[in-house]
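Engineer: Spelled out from the first residue to the last, the chains are:
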Amino acid sequence: MFFKEKTGRYYIFTIIFAFLVGALFLLNLSLGSVPVPLKEVYRVVLHQPVDNTTFQAVIWKIRLPRSLATLFGGAALATGGLLLQIFFRNPIVGPYVLGISSGATLLVALVMLTSLSVGLTLHPFALSMAAFLGALLVMILVLAVANRVRNVVTLLVVGLMMGYLCSAVSSILIALAEKEKVHGFVLWTLGSFSGFTWDELVVLMGLSGPLLLCSLLLCKPLNAFLLGEDYARSMGVNIRCFRVAIVMLASALAGLVTAFAGPVAFIGLAVPHMARLSLGTSDNRALLPATILLGATVASLCDLVARMALSPVELPISAITSFFGAPIVIGLLLKRRTAL
Amino acid sequence: MKVLQACDLAVGYGTRTVVNDINLDALKGQFICLLGPNGSGKSTILRCLAGLLAPLRGSVYLKGNQLYTLGPGDLARTMAVVLMERLSPGLLTAFEVVAMGRYPYTDFWGHLTEKDRCKTQEALRLVNGENLATRYFAELSDGEKQKVMLARALAQEPELIILDEPTTHLDVKHRLEVMAILRQLTREKGITVILSLHEIDLALKSCAIAMLVKEGKILACGPPEEVLDEDTVTELYDIDSAYFSDCLGGMELRNNGGTLVYVLGGAGSGARVYRMLSKHGFGVVTGVIHENDVDYHVGKAIGATLIEEQPFEEIGDSSFERAVELIRRAARVIDAGFPVGSLNLRNLDLIRLVLAQGRTVYTLRGKRETEELYGEAGSRFIHCHSLGDLLEKLTSNAHATG
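Protein sequences, first through last, are from chains A and B. Under the working numbering, the first residue of the first sequence is numbered 1, with each subsequent residue one higher. Under the working numbering, the first residue of the second sequence is numbered 341, with each subsequent residue one higher.
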């Protein structure tokens, strides 16, 4: 029976992705300006006595939080992208399509570029809080609209317009800001997982973990939604709740990553395609777990390249994701001539 | 038993009412069809009956319960829909799309049990689509997709299926296949089917109740044999250029006149000749023809000038004289090769008369047959072995003489 063959393929790919996640995670811990042998990595992580205290510091203070953040960040972005691709039934949609990143960027611009923060000591969390608040505000606006419009395409356009509005204000702020501040801001907008602290990591993992689980729980209605909103409703999906759930989940996942790592491009758009085309199915019961794993894989790989390619200069991760991701997606699409 | 009941229903969007005063009782196993021009509101009515659109006024009852108070799961187990929108569900096989119909029955994860798989296969079998199961939905043809969507609706094990123009975009084979499947479902499984159609002939031949929708009103609702007469259909679609014949159950394009051609037909020999002549811009006169003859109905639907005779009567003097008069005015005379019997013997006299006047007659009969029928005069025919040949000879002669 073909069902069995197909599920076999799902398992194989899921296992491959899981293996890749593990391998890249270890590589991320081991490679860097101070290379740590893999054997030492094990010892450090497992709290066994190590001779070299530098190894311990590098891994525990820098690489472990960064690698874990990359895993969760990649998974969250990819899942957010997949959710919205299904919701809008549009393959070129990413997690930022509802204006989440623009909202976050706007508030970060307000904090970084204006004199609003003058006089306040900048708490390390201030930027993250600002970014998350921005994402949240946009999400609430989009949700308010989602309850009014009948058509999801209208919602999509509203999201896009919201993004343009926020970007417009941000660009005005850039024009008016001092040069030195602009440089820092532009670097932030390129996205990076560097400098992740354990405090930040705990928030990221503590929130994105449950959110990812929640998305997994939505597999069944998500599948029904592949046939469109009307069919989904006729099969018993509560559309009103489902809409809110999807928009909230996707926005929260994307907003969370943006808050700590800035807008990381492309993972949310490309990874769902890579997962779908390698598994050969849109069935979310197989696709969602694969997307989560593949998102973590791709983010880890890109972060590794960003750190190592021109070391000691660190490249923006968004550049790496797009640079390698775009050709892969095009290649996969050309190989398989089926519409997405 | 009333499966679906609509009472004084008004449907529309926002403040705009599309159709008013809809009353409908759909019984178990009934085949109900909505007819009407594009934009008349058929789809809006169907969406409302399916619970996808809230009514502006009035109410819909599904098996006695208010449709909009039912939980989505209960609704899904009673009613399934096939919509007009084109789907692009990504990389799903036809089987997976059909299995989606099991949604209201599967567990939290949507896991298919052995029973669900059986029901899915069964649904595919009912639409003759077992061979499609492993193919990606996106790779199927329009007709195959429609069958798969129908199977998906069946997998939902509904008592009522609502379909919005299920035959649009389909070729003749799939169109008839889909209608045959639906009819079989109503008869064998007692499923009630409500659909909208554009093909009046299909509606007439398949449904139990026809509802005619035009300009926000229900023109008529009842058995198609009663409501679909010639005038109603013409009114429904505002057709000038064609004519609906309820006896033939189909449309004929109107004859707009032109070079007058007299056709002697009968028993179906004339119908194809009329259509061909009419299509190529000739005016058609035909007779003498009995009112119970199929050629009479086709000729009437096309709008040919008819010289008719009472059913089962021999051709009388008055109609014979009218025929002689019209033949005199016609530019060409065609013998369509009608069967000769005691009731239409005088049609042979008409042809002999034409020949006696020295005019030529085009005939679709063979040489030997004309000689047997007309003797010596049989040689003055222009023999045509097919309709195409006839047309060629008619037009070339028209150029030669005209």
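Since the hints were made in silico from the structure, they are not lab data. Cβ atoms here follow ideal geometry from the backbone N, Cα and C, with glycine treated the same way. Keep in mind that the hints are not guaranteed to be accurate.
Unchecked claim - In silico EDC-like pairs for lysine to aspartate or glutamate, Cα to Cα no more than 20 Å straight-line:
| id | chain 1 | residue 1 | chain 2 | residue 2 |
| --- | --- | --- | --- | --- |
| 1 | A | K220 | B | E631 |
| 2 | A | K220 | B | D447 |
| 3 | A | K220 | B | E497 |
What the hints assert, rightly or not - So these bits of chain A aren't anywhere near chain B, every CB distance computed over 12 Å:
| id | residue |
| --- | --- |
| 4 | I62 |
| 5 | I86 |
| 6 | P91 |
| 7 | L187 |
| 8 | W188 |
| 9 | T197 |
| 10 | F225 |
| 11 | A232 |
| 12 | A326 |
Engineer: So, against the hints stated earlier in the document, which numbers end up violated here?
Structural biologist: 1, 5, 6, 10 and 11
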